[in-house]
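S.K.: Residue-level listing of the chains:
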Amino acid sequence: MASRFETVSFLSDYGLQDEFVGVVTSVIRAVAPHVTVVDITHGVPAHDVRAGGLALARAAQYLAPGVVLAVVDPGVGTDRRAVAVEVGDREAVFVGPDNGVLASAVAMVGGASAAVELTDPAFHLPAPGPTFAGRDVFAPVAAHLCNGAALADLGELVDPAQLLPGVLPVSRTEAGKLVAEVLWVDRYGNVQLNVGADEIEPFDEPLSLALPSGVRTASRAGAYGAIGPGAVALVVDSYGLVSIAADRRSAADELGLAPGDTVILAPAEGGDGDGTSAPGGGHPGHTSPVSLRSRPPPRP
Amino acid sequence: MASRFETVSFLSDYGLQDEFVGVVTSVIRAVAPHVTVVDITHGVPAHDVRAGGLALARAAQYLAPGVVLAVVDPGVGTDRRAVAVEVGDREAVFVGPDNGVLASAVAMVGGASAAVELTDPAFHLPAPGPTFAGRDVFAPVAAHLCNGAALADLGELVDPAQLLPGVLPVSRTEAGKLVAEVLWVDRYGNVQLNVGADEIEPFDEPLSLALPSGVRTASRAGAYGAIGPGAVALVVDSYGLVSIAADRRSAADELGLAPGDTVILAPAEGGDGDGTSAPGGGHPGHTSPVSLRSRPPPRP
Amino acid sequence: MASRFETVSFLSDYGLQDEFVGVVTSVIRAVAPHVTVVDITHGVPAHDVRAGGLALARAAQYLAPGVVLAVVDPGVGTDRRAVAVEVGDREAVFVGPDNGVLASAVAMVGGASAAVELTDPAFHLPAPGPTFAGRDVFAPVAAHLCNGAALADLGELVDPAQLLPGVLPVSRTEAGKLVAEVLWVDRYGNVQLNVGADEIEPFDEPLSLALPSGVRTASRAGAYGAIGPGAVALVVDSYGLVSIAADRRSAADELGLAPGDTVILAPAEGGDGDGTSAPGGGHPGHTSPVSLRSRPPPRP
Numbered sequence: 008m009a010s011r012f013e014t015v016s017f018l019s020d021y022g023l024q025d026e027f028v029g030v031v032t033s034v035i036r037a038v039a040p041h042v043t044v045v046d047i048t049h050g051v052p053a054h055d056v057r058a059g060g061l062a063l064a065r066a067a068q069y070l071a072p073g074v075v076l077a078v079v080d081p082g083v084g085t086d087r088r089a090v091a092v093e094v095g096d097r098e099a100v101f102v103g104p105d106n107g108v109l110a111s112a113v114a115m116v117g118g119a120s121a122a123v124e125l126t127d128p129a130f131h132l133p134a135p136g137p138t139f140a141g142r143d144v145f146a147p148v149a150a151h152l153c154n155g156a157a158l159a160d161l162g163e164l165v166d167p168a169q170l171l172p173g174v175l176p177v178s179r180t181e182a183g184k185l186v187a188e189v190l191w192v193d194r195y196g197n198v199q200l201n202v203g204a205d206e207i208e209p210f211d212e213p214l215s216l217a218l219p220s221g222v223r224t225a226s227r228a229g230a231y232g233a234i235g236p237g238a239v240a241l242v243v244d245s246y247g248l249v250s251i252a253a254d255r256r257s258a259a260d261e262l263g264l265a266p267g268d269t270v271i272l273a274p275a276e277g278g279d280g281d282g283t284s285a286p287g288g289g290h291p292g293h294t295s296p297v298s299l300r301s302r303p304p305p306r307p
Numbered sequence: 008m009a010s011r012f013e014t015v016s017f018l019s020d021y022g023l024q025d026e027f028v029g030v031v032t033s034v035i036r037a038v039a040p041h042v043t044v045v046d047i048t049h050g051v052p053a054h055d056v057r058a059g060g061l062a063l064a065r066a067a068q069y070l071a072p073g074v075v076l077a078v079v080d081p082g083v084g085t086d087r088r089a090v091a092v093e094v095g096d097r098e099a100v101f102v103g104p105d106n107g108v109l110a111s112a113v114a115m116v117g118g119a120s121a122a123v124e125l126t127d128p129a130f131h132l133p134a135p136g137p138t139f140a141g142r143d144v145f146a147p148v149a150a151h152l153c154n155g156a157a158l159a160d161l162g163e164l165v166d167p168a169q170l171l172p173g174v175l176p177v178s179r180t181e182a183g184k185l186v187a188e189v190l191w192v193d194r195y196g197n198v199q200l201n202v203g204a205d206e207i208e209p210f211d212e213p214l215s216l217a218l219p220s221g222v223r224t225a226s227r228a229g230a231y232g233a234i235g236p237g238a239v240a241l242v243v244d245s246y247g248l249v250s251i252a253a254d255r256r257s258a259a260d261e262l263g264l265a266p267g268d269t270v271i272l273a274p275a276e277g278g279d280g281d282g283t284s285a286p287g288g289g290h291p292g293h294t295s296p297v298s299l300r301s302r303p304p305p306r307p
Numbered sequence: 008m009a010s011r012f013e014t015v016s017f018l019s020d021y022g023l024q025d026e027f028v029g030v031v032t033s034v035i036r037a038v039a040p041h042v043t044v045v046d047i048t049h050g051v052p053a054h055d056v057r058a059g060g061l062a063l064a065r066a067a068q069y070l071a072p073g074v075v076l077a078v079v080d081p082g083v084g085t086d087r088r089a090v091a092v093e094v095g096d097r098e099a100v101f102v103g104p105d106n107g108v109l110a111s112a113v114a115m116v117g118g119a120s121a122a123v124e125l126t127d128p129a130f131h132l133p134a135p136g137p138t139f140a141g142r143d144v145f146a147p148v149a150a151h152l153c154n155g156a157a158l159a160d161l162g163e164l165v166d167p168a169q170l171l172p173g174v175l176p177v178s179r180t181e182a183g184k185l186v187a188e189v190l191w192v193d194r195y196g197n198v199q200l201n202v203g204a205d206e207i208e209p210f211d212e213p214l215s216l217a218l219p220s221g222v223r224t225a226s227r228a229g230a231y232g233a234i235g236p237g238a239v240a241l242v243v244d245s246y247g248l249v250s251i252a253a254d255r256r257s258a259a260d261e262l263g264l265a266p267g268d269t270v271i272l273a274p275a276e277g278g279d280g281d282g283t284s285a286p287g288g289g290h291p292g293h294t295s296p297v298s299l300r301s302r303p304p305p306r307p
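Protein chains in written order, with the working numbering: chain A, 8 to 307; chain B, 8 to 307; chain C, 8 to 307.
Just chain A, same shape as in the assembly (with noise of 0.2 Å):
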């Protein structure tokens, strides 16, 4: 018998108009009473396993020890495995369907110790219909690793070397420009890219932001209050990643900027800065398998 868990963190993309949370909810409640679930979220845009795979990396170093539940499962009831991944020395242990969506964020806690494919039917719900895994599988699954089961109990070892990595677009230079991804608009329009701090302080100010919908420039501010009326600012978010923002506006609406779009950074007079040059759209950024951004693996 393993350590016991007092929390789930559930992320998802079920959306809050429909039942579905509530009844993972209650199924993990059922089979743990003394099992607080916490929502991470449920808003992630449906079957967008990039988009839940971002959020879950954002939050995973504040989550509470436990077990983590990210459900973003286009592919379910096809042959994608049902997957739980055991983060150090059983600190965390993540659960979801192994297509992408919790390795970013495995991968910022410290990386998989060990890893298991849930085929024991005895864990599960037996389930009228295959399309509800979160409720039939990964709930009761959780719930189990709450009460102690060990994850060589749920089924057939694997070896976390060959769950499916996370792509995330790492940001390149070309000739003395920075080439950058959208990687988020958050719900206030901020658009977060792939770029550190760090990156763009060679730069003078100020910038020039190549979008696929033309050149804009930008200075840097300290503050999204600090951003000037009509204008848009460079702010380092909170996750010391570069973010285009407005004031009390949404940038990402102004700018006409979603994630995956291409965002090319240089000095203003380095660019030509007059809104005619060739967008950004047109250079699509590389993509690696790597982590958000390199940091010391904190705790989830």
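Hint data in this document are derived by calculation from the structure and do not stem from the laboratory.
Glycine included, every Cβ here is placed at the ideal spot set by N, Cα and C.
Treat the hints with care, as some may be off.
To be clear about the criterion: a stretch of chain C counts as covered by chain A if any three or more of its residues have a C-beta under 8 Å from a C-beta of chain A, and this derived list gives those stretches [as the list claims (entries may be wrong)]:
no., segment
1, 29–38
2, 81–88
3, 130–144
Keeping the supplied structure of chain A fixed, place chains B and C upon it in accordance with the hints.
M.R.: Chains B and C alone, transformed into the frame defined by chain A:
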């Protein structure tokens, strides 16, 4: 003093933009601090008693033992009754308006053994106005039930047979065709019909679907991910019912389907399949006071 | 060591599409695992301090004893103060930015007895950037308060009289007419005015309502369900305030009303009632630093 409960499972059409859900939860915890409130969903469309009743019925067999609070209550403040309905030997108590929203779920978990109209104001909060029964009547009653109040304490006992039934449409066969109705469109755009997997077994593939927007053909698929690009298919969903689905697209948006629409299923060779036949919308289904699908009564 | 708390009641404009709420909740539980977080609402419109303050004030008297965390914080990272405000003899502690969002709720439950600016970084998380004070400042402070930290531990005590007041519009009488303002439109489209039930008692029915979109007449109704089809009516809502409502329709959509709009109420025979008079929007209400409505101070 009857048995105590640890959980209130809470469903409503309150949405999450206002503080309604938070206030109801706070009132429950003020009266019964030991209780955990599990949110089933608050995304039921405003005033939609049928949709709320169906969501509750889908969730019912998975809920923790305890109080089930369901508030979709367009008649609040009128002479509609506020009730509590006991199931089994106090395995669960459903609390809400007597407008049908509780009925299908109660039937799903075994039927009502006792019921009470919530007429004793000693168990309510003083109310500056009559429009928020969730806060002023249902929440404190739910909490007092969790503290061990007996049904008979709360008001006048009523005959469970006199409670308003949930009226659900039943499918029917007509000239070899199956006349069905859309029960639910979920956040992914999957379209659940009031048709069990066994009911379409006799039909050869592909099937024709006569919809309000015209006729489509569809085959069965074992999972959403097994549906070809651009296609729609029939998938047995997680409730054992037939749903019309697409892979990472909304079948409902694509086919223009909404709850209550009629869908007529038949073998494709039995339909004309040219997309110009009379739309299914002209054949309204019958309704009958039944529960979702006949299954052995599970415990909540 | 001061008394401990079991509950953090949490309101914000974070929305639920991102992981902000989940991360704040996780931070609280990491510092104070015994605490339950009750979500009041996170649907406050982005940056809308007034709407957040009103929602908190409506909820205040129903909240569990403990910490009340309210984060609507467009000035995050600027020199706006982060504060904790004690009510009564530590019956509740409100935590949030000193921008008015806490003020009306604090007034509703008895007023501030002490306040502190949250200047001691020992109670904060290290932050890669300054934009997420909910996670890095307010959540750990709320949790430490639940663990028994005293107000004076958290930073510099400040005079509660120097906290930014909540500025709420008061209605006024002008030539026998009542000049009111829309406080709130709820998810059902009910339109709450800053008018108590007693204030329209002298007016004969029907009343005329001068709105930005023209003049309408309306009578009183005792419940939404008692309003006739196609009509709008005045209903005393669950806060004792007058609301403009319709039966299973959105009065706000139908009348084009939004928070902040002016509505002038008068007996219909006192108005011209022809729908062509000058719209109410031309008569902005005065504002004054008051609480919602004068009531005996309830305990949170």
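S.K.: Each hint needs a verdict: does it hold in this structure or not?
M.R.: Verification of the supplied hints:
A count of 7 residues in the segment 29–38 of chain C with a Cβ less than 8 Å from any Cβ of chain A is obtained; the coverage claim is therefore met, three being the minimum. As drawn, the segment 81–88 of chain C meets chain A at 6 residues by the rule of a beta-carbon pair under 8 Å; at three or more, the given contact holds. Coverage of a stretch by a chain is defined here by at least three residues with a beta carbon nearer than 8 Å to that chain's beta carbons; for the segment 130–144 of chain C and chain A the count is 8, and the condition holds.
Of the numbered hints listed earlier, not one is contradicted by the structure.
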